[in-house]
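Residue strings, one per chain:
There are 2 protein chains.
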Amino acid sequence: MRYELYYWPSIQGRGEFVRLALEDAGVEYVDVARLLNRRGGGIPALMRFLESRSVGRPPFAPPFLKAGKLLIGQTANILLFLGPRLDLVPKNEASRLWPHQLQLTIADWLAEVHDTHHPISGGLYYEQQKPEAKRRAAEFRAERLPKFLDYFEQILTRNPKRTCYLLGKAFSYVDLSLFQMIAGLRYAFPRAMARLEPAHPKLLAVHDHVRARPRIAAYLSSPRRLPFNQEGIFRHYPELDG
Amino acid sequence: MRYELYYWPSIQGRGEFVRLALEDAGVEYVDVARLLNRRGGGIPALMRFLESRSVGRPPFAPPFLKAGKLLIGQTANILLFLGPRLDLVPKNEASRLWPHQLQLTIADWLAEVHDTHHPISGGLYYEQQKPEAKRRAAEFRAERLPKFLDYFEQILTRNPKRTCYLLGKAFSYVDLSLFQMIAGLRYAFPRAMARLEPAHPKLLAVHDHVRARPRIAAYLSSPRRLPFNQEGIFRHYPELDG
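Protein chains in written order, with this note's numbering: chain W, 1138 to 1379; chain R, 1138 to 1379.
The shape of chain W in the complex, shown without the other chains (with noise of 0.2 angstroms):
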């Protein structure tokens, strides 16, 4: 199987926790909206599912991967999708609940990061919604970050195993997606960042034993990996970061 992944192609997006999990498992895919417009990439590529009426299952919004004749939308999903396939969760359905759960908590908390730049409206600039970005951003990092940061701080504190997956026995594509979670929130809040994770070394630990597996730190000093810009969803705004 040979995975069609489409995403915006220059930023990490949502679509870098399919990258993520792609990459980790070493399989075949493409990033299609990064090949070249004339060789059937580029954003144009990537409309044609969004526009078309003759796609009977569109997505709502990138990312969303082909896979054979399924094309899946929704990061979670995806997820859900390929974990199996990947080996990057357990089988069995129950077992598959829950690292679902914790990756749509993550969404959530994905979702609220860049809200903190457009609390208005995605459709505005930032610079259209300046102070509003302000005040929101503050009741980020006084309420919501420490709360999520808590939260999976204390399943891998709940993890009888004492490794560092959020699964217990099991690495997972969960792993991959709070690796990324760390390293963003690093780049758009590092003043934050560095006052919370003292209290948060689980946390850290899963950031750091991902970073160094051999295939993502092969991908993280690739040029596949795109670096976080001011485009994506971590950004780095100092007057957000307090």
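Think of the hints as simulated: they come from the structure by calculation, not from any bench. Heads up, a few of these hints could be off.
The list treats identical chains as interchangeable, and a pair is accepted whether it falls inside one copy or across any two copies.
[As the list claims (entries may be wrong)] Computed cross-link-like contacts, BS3-like style, restricted to lysine-lysine with a CA-CA straight-line distance of at most 30 angstroms: (1) 1298 - 1284; (2) 1339 - 1206; (3) 1203 - 1228; (4) 1271 - 1284; (5) 1203 - 1284; (6) 1228 - 1271; (7) 1228 - 1306; (8) 1271 - 1206; (9) 1203 - 1271; (10) 1267 - 1228; (11) 1298 - 1267; (12) 1206 - 1298; (13) 1267 - 1206; (14) 1267 - 1306; (15) 1298 - 1228; (16) 1203 - 1267; (17) 1206 - 1306; (18) 1203 - 1298; (19) 1339 - 1267; (20) 1271 - 1298; (21) 1298 - 1339; (22) 1306 - 1271; (23) 1339 - 1203.
Place chain R on chain W using the hints.
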């Protein structure tokens, strides 16, 4: 299997999407936090799972469902689990990804509805974020609400089976959730919806079909159906309705 639903006892909120599935299926369930405190209910019953350190797989927030030994959080994840058990979704895996994808898109939509009245923080009162709410709600009415409505209308339009079911052949929990969205949006944004409804006849057909299903009709006229109110996710503030 007797299901136990845990959700805030005074609002429809996210819990309502699970209640509708359980009610339509006609299965036995307990809405635990709506029992009296002295009968093991109330908010303490709910907080126990959120706060006790002995819960191995704690949910981040309500709703969550107890099904035997399983404790399942995140609304869409609960419906992913319940769907095949309540005969509210096709049984094979590939056919379950698509309704789940739609459900996750509804979850995103619902979060945006919530943020129209709480654009800065869920920890502050509406009255503490009114100017921001007015701005966000205007963007929501102008851009996001039509986009979501158009998307689901398109799904129904592309449906080769010409039914009023989102999945085509079979009725599913996504139809129940779409009903809840339309009902809630009519409560919260009656003027905006009156303007938009004529262009979305298929969505209204789903709404009307669901409302007339015998078990749903019985539920809606029972005291088990909480009324919409100003504490829930759908709130009617005339100043946010343009």
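These are the hints, each one checked on the structure:
1. 1298 - 1284: Within one copy, since 24 angstroms is at most 30 angstroms while 46 angstroms is not.
2. 1339 - 1206: between (40 angstroms within a copy, 27 angstroms between copies)
3. 1203 - 1228: both (21 angstroms within a copy, 22 angstroms between copies)
4. 1271 - 1284: Both: 19 angstroms inside a chain and 27 angstroms across chains, each within 30 angstroms.
5. 1203 - 1284: Intra 35 angstroms, inter 23 angstroms, cutoff 30 angstroms: inter-copy only.
6. 1228 - 1271: neither (44 angstroms within a copy, 47 angstroms between copies)
7. 1228 - 1306: This pair counts as both: shortest intra-copy Cα distance 13 angstroms, inter-copy 29 angstroms.
8. 1271 - 1206: Result: close neither inside a copy nor across copies, 44 angstroms intra and 44 angstroms inter.
9. 1203 - 1271: Answer is neither: 38 angstroms inside a copy and 39 angstroms across each miss the 30 angstroms cutoff.
10. 1267 - 1228: Cα proximity of residue 1267 and residue 1228: none, with 46 angstroms in one copy and 48 angstroms across.
11. 1298 - 1267: neither (45 angstroms within a copy, 48 angstroms between copies)
12. 1206 - 1298: between (39 angstroms within a copy, 20 angstroms between copies)
13. 1267 - 1206: Neither: 43 angstroms inside a copy, 47 angstroms across copies.
14. 1267 - 1306: neither (44 angstroms within a copy, 47 angstroms between copies)
15. 1298 - 1228: within (19 angstroms within a copy, 34 angstroms between copies)
16. 1203 - 1267: Intra 37 angstroms, inter 43 angstroms, cutoff 30 angstroms: neither.
17. 1206 - 1306: between (33 angstroms within a copy, 19 angstroms between copies)
18. 1203 - 1298: between (36 angstroms within a copy, 24 angstroms between copies)
19. 1339 - 1267: neither (34 angstroms within a copy, 39 angstroms between copies)
20. 1271 - 1298: Result: close neither inside a copy nor across copies, 41 angstroms intra and 49 angstroms inter.
21. 1298 - 1339: For residue 1298 and residue 1339, only the intra-copy Cα distance (13 angstroms) is at most 30 angstroms; the inter-copy one is 51 angstroms.
22. 1306 - 1271: Neither, since 41 angstroms and 48 angstroms both go past 30 angstroms.
23. 1339 - 1203: Classified as between; 28 angstroms across copies, 35 angstroms inside a copy.
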